Amino acid sequence: MSASGAAPGRRAARPVRSPDTRARRQLALMLTPYLIGLVGLVLVPALVTLGMSVTDYDLLRPPTWAGLDNFAALLDDPIFRVALLNSVVFALVAVPLRVLLALGLALLLHRRAAGVGTARTATLLPTAVPEIAYGLLWLWLFNPLYGPINQLLRVGGENGLTVLGRTPPQWLTDPTSARAGIILMSLFTMGETFVVLLAARRALPRDVYEMAAIEDATGWDVFRRITLPLMAPVLALLAVRDAVASLHFTFVPAFVVTDGGPPPYATTYLSLFVYQTGFEYLRYGYAAAATLVMMLLTVAAVLVQWRLIRRYRRFYQV
Amino acid sequence: MTIVRIRSLSALALSTMLALTGCGSGGGLSSGDPVKLLVFGAPEELGAYRTLIEAYQQARSGERIQLIEASDRKDLLARLATSVAGGAPPDLFLMNYRFYGQFAAKGVVEPLDERIAGSSVLDPADYYPVAMEAFRWDDAQLCLPQNVSSLAVYYNRTLFTEYGVPEPTAGWTWNDLVTTATLMTRDDRGLVIKGTEAEGAARLPAVHGLGVEPSIIRLAPLVWSKGGEIVDNPERPTRLTLDSPAARDALRNLIDLRQAYGVVPSDAEVEAEDDESRFLNGRLAMLMTSRRATTNFRTITGFEWDVAPLPVYRQPVGVLHSDAYCMTRGSRNKDAAWRFMEYAMSEEGQRIIAATGRTVPSHMEVSRSPAFLDPDQPPRNSQVFLDAIPTVRALPTVSTWPEIEDLSYGILENAMHRGDKLDDVIRELDAKSRPMFARGENG
Amino acid sequence: MSDGLVLDGVSAAYRDTTVLHEVDLSVARGELLVVLGPSGAGKSTVLRVVAGLEPVTAGRVRIAGRDVTEERPGRRNVSMVFQSYALFPHLTVVENIAFGLEVRDIPRRLARERARAAAETVGCAGLLDRRPGQLSGGERQRVALARALVREPDVFLLDEPLSNLDLALRAEMRTELRALHDRIGATMVHVTHDQTEALVLADRIAVLRDGRVEQVGTPDEIWRTPASSFVARFVGSPAMNLLPADGPLRPRGDAPTLTDEALLEIGFRPEAVALDSTEGTPATVDRVEVIGADAFAYLRLAAGQQVVARVPAARRPDRGATVRLDVRWADTHLFHAATGRRYQP
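Protein chains in written order, with the working numbering: chain A, 1 to 318; chain B, 1 to 443; chain C, 1 to 345.
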């Protein structure tokens, strides 16, 4: 940065550009496609959303100014409130579970051993299935009478009950089971998180673990005093990412599998609410306002976790 | 968030594309672009439309129709809205009158009165007025109904014969329906069983007496038949009026089918196998649904089936089911689109689509012809649909009706399957639907 | 002798390759044994086998008279300083040092106290609240040492602990390490590939080659009577000259009785070569390296063999000059050419 400011005269004298300038030009050139994408695919739509949120807009007639009416209406909208609550609860439950599951599997599968390769592949596989197909698959899995999950739960039981004499979960018709089902669905798509954690675990120095072995640290001690703190920055980053993504990856399951139900709105998350409001009821201004709330929620989640990480990072200047 | 982005972007992209092609092509090239027709439906229904289109293209060389298939009703709405916003709408779309209000109110649909008046093929008097009327908005005919259907009770004759239960007949009452359904709910040994015991213990019914979805369109004719009303003012509705004694009774009786008699499959059973599949698989004795199901049921080979009219409380009343061809105001191929509309609505077109079983033709003459009443094609008793026409009433076409239907479906489903308190159900329906009515526009 | 550490016919393998071949070693209590060898000789494996980080494929390991062959690392009461130090980056110095105590459920206060004491022993008491990332290489090394000390183990294992330090610091730490050993009198096994380090530090040196012990002895023994040509050449820099015994160079003085000269090699260190003779073997000076007061002259004999000679820098020959070199029998070592073992006349 300083070079260009410091030597304008020299540059005028020499036609050859300094390597610094060239490097920066190359950088700019390489960043251009990304920046175009960022502006075109993220910034502009975000601004459009912002603009739309203060209008009444049905896509069909020109938008009319609505000021903050949409936001005021959101506050009063019971469906929106349920959707908001559902989304927050989902994030609070699913994100830690996903990260913990991925961590557990990464710690289990980071060593070389027979079958580990297969197990890793199996862990990754659900992530590779296209979302809609994944949803349809679970629709079958969750089928309350004929689905394999409940068939399995009924093994050994009589009259459609489990061995313990209880009704198996009514995945698609009971609100709690349906919410649990959506979380269950989301758990199996933590493949990406798993891969990152696997790489992070494998990058940890081996001798530190040998050191611990010589000091006779138990598995729990090793996990608590070494692995967890060493992986904490990665874990925190993944949790932030997952929390942000959780607002999105509730959409397809709720859309394909539960259709926002069981009634009235057990699995209507913000993403589905936005979709229905916008595309099914043609209330684009209102949907944009809800989208903005979603964005703010995302920003808030990121900020909170960012602060937590910063507090934690003080401990480690590696 | 992503979805909104993608959709608004695709709209953006569409409009860009449109601007480009628009500049190049100018206007009036009917032979160049095919007429785009947006529909949704089950595979059998889509097959029916393809048959119609093929016949049209064969009859009129040079005309081309492109069928655009949406995956379901909601997808169709979303596609229509985004393509209209993007400036590249389909030329025609097929839509139920219950859902066209929002498009009618927003000036998306091209009024057809002038074209009808100038047509040598179409005479509005040939069609059932109740269907034509449903697609009038602000005194303009916006769409042309291809069918005039109503609710009927499909039943599995073979099962009735097997269990020796009398088949439903015209003029049967709600009590008859309950009795019949109770008698037809059987376990796997063929014994009459009470379906309410299914949860918790005992045996599950192998055959259920009746399938009926807890929706406002199923409830409406029952309320009307009892002398009640669904909304306060059918022309300009402001609220649901299920709190009237007649409506309340009808609703309670509907809910009791599950809660008291257990003749209707439980919600888990419906999730596991929807009513139409259940009927197809011979595990449902009766199914209350519209003519739409016929194409699907004609694939049945394992048993004999037929239709009966709706049961009656005080007077026979049906509810209108009707889909119409609508032309978008933004279409750039209106003349060609109109020619297809004329064909589809003509006797010939109506005959072709009627033969597929999909519709009760809106063309009166065709509806009385063998094309519809063909005794060799099930259901034998298609006359039931025609007999119902004089009694059918239409639901409101307020622009927010889709929202109101979705809302009420959730609440009614819980009422039927979870047994929510009737007063709470009615109150919740009213409270939550009022703002939707308030936001709505009427024709 | 057997009080400290005994390796009895220990073999170890990595995947399918045998890395240690029936190694016998014993370290007396309080002794500092240096395991010396080139990289790949299996030095670190010796430590890892003792620590229990690698399994043995044969043989026994005894620590303080106790057979620990089947014990897990934590039960062997050894402590180890890794080449990389293996400090926990997220823990402070004092937490690092106290780690071994805390996981053994020693009360926190006591553990911290002992950690502080250990830190004082190695001179890093001023660093207790820092984190490894804030320490220099030498400081990390001290912390690693303190962590090894704090538990008072039966055996200390040091895996090239000085190799990551710069030369001056290495020399300093070498001296300190030796002083530390003398002060605490602990049994230590120190692995290095640096012969100077070995000679300076060791009570005894074990020279390892290709997973076999080539020689075990005091630094003097290793230097004066190398058991093989390998040891002879590995210890000392530049390496010992090695020529065929019946070759071009004939040492002066009383020759030992040689049974079969053709099968022997004659070895002599660069400092044993004298260049000022008038009658010695002629050679050409290939090049000359001057290192302070000394110079190493690389000479080529007529038959092509190379010989290195150490001469005072002031009297070094010129490059390309012809010199006559001379060695006395008393300064030579004889080895079997085929096996490399020392020949005893």
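Think of the hints as simulated: they come from the structure by calculation, not from any bench.
Please read all numbers here as calculations on a predicted model, not as lab measurements.
Glycine residues also receive a C-beta, built at the ideal position from the N, C-alpha and C atoms.
Worth double-checking, as some hints may not be accurate.
Said to hold, decoys possible - Not close to chain B: a few residues of chain A, all C-beta gaps over 10 angstroms, as computed:
| # | residue |
| --- | --- |
| 1 | Thr55 |
| 2 | Arg206 |
| 3 | Leu228 |
To be verified - From the derived model, a few chain B residues whose C-beta atoms are all more than 12 angstroms from chain A:
| # | residue |
| --- | --- |
| 4 | Val84 |
| 5 | Val178 |
| 6 | Thr295 |
| 7 | Gly330 |
| 8 | Thr356 |
Claimed, not checked - Under 7 angstroms between C-beta atoms, here's a sample of chain C residues computed to sit facing chain A:
| # | residue |
| --- | --- |
| 9 | Pro73 |
| 10 | Met80 |
| 11 | Phe82 |
| 12 | Ser84 |
| 13 | His90 |
| 14 | Val103 |
| 15 | Pro312 |
| 16 | Ala313 |
| 17 | Ala314 |
| 18 | Pro317 |
Query - A:Arg206 non-interfacial with respect to chain B [C-beta, more than 10 angstroms] - result: Answer for A:Arg206: holds, closest chain B Cβ roughly 41 angstroms.
Query - Supplied contact hint for C:Pro312, tested at 7 angstroms Cβ to chain A - result: Nearest chain A Cβ about 46 angstroms off; hint violated.
Query raised in the report: Does the CB of C:His90 sit less than 7 angstroms away from some CB of chain A?
Result: Constraint on C:His90 satisfied, holds at 4 angstroms.
**Report entry** Proposed interface contact between C:Val103 and chain A, which counts if any beta carbon pair is under 7 angstroms
**Finding:** Constraint on C:Val103 satisfied, holds at 4 angstroms.
Query raised in the report: Can C:Ala313 be said to touch chain A, with a Cβ gap under 7 angstroms?
Result: violated, 44 angstroms
Report task. Classify the hint on C:Pro317 as holds or violated, based on whether any CB of chain A lies nearer than 7 angstroms to its CB. Result -> violated, 49 angstroms
Query - Hint validity - C:Met80 Cβ closer than 7 angstroms to any chain A Cβ - result: holds, 5 angstroms
Report task. Verify that the Cβ of B:Thr356 lies farther than 12 angstroms from every Cβ atom of chain A, and report whether the claim holds or is violated. Result -> holds, 28 angstroms
Query raised in the report: Just checking, B:Thr295 versus chain A, shortest CB gap more than 12 angstroms?
Result: Non-interface label stands for B:Thr295: nearest chain A Cβ at 24 angstroms, farther than 12 angstroms.
Requested in this report: Mind checking the CB of C:Ala314 against every CB in chain A and telling me if the closest is under 7 angstroms?
Outcome: violated, 49 angstroms
Requested in this report: Using 7 angstroms as the Cβ threshold, decide whether C:Pro73 counts as touching chain A.
Outcome: Holds: closest Cβ of chain A sits about 4 angstroms from C:Pro73, inside 7 angstroms.
Query raised in the report: Taking the closest pair, is the beta carbon of A:Thr55 still more than 10 angstroms from chain B?
Result: holds, 13 angstroms
Hints 4, 7, 15, 16, 17, 18, counting from the list given before, are not met by this structure.
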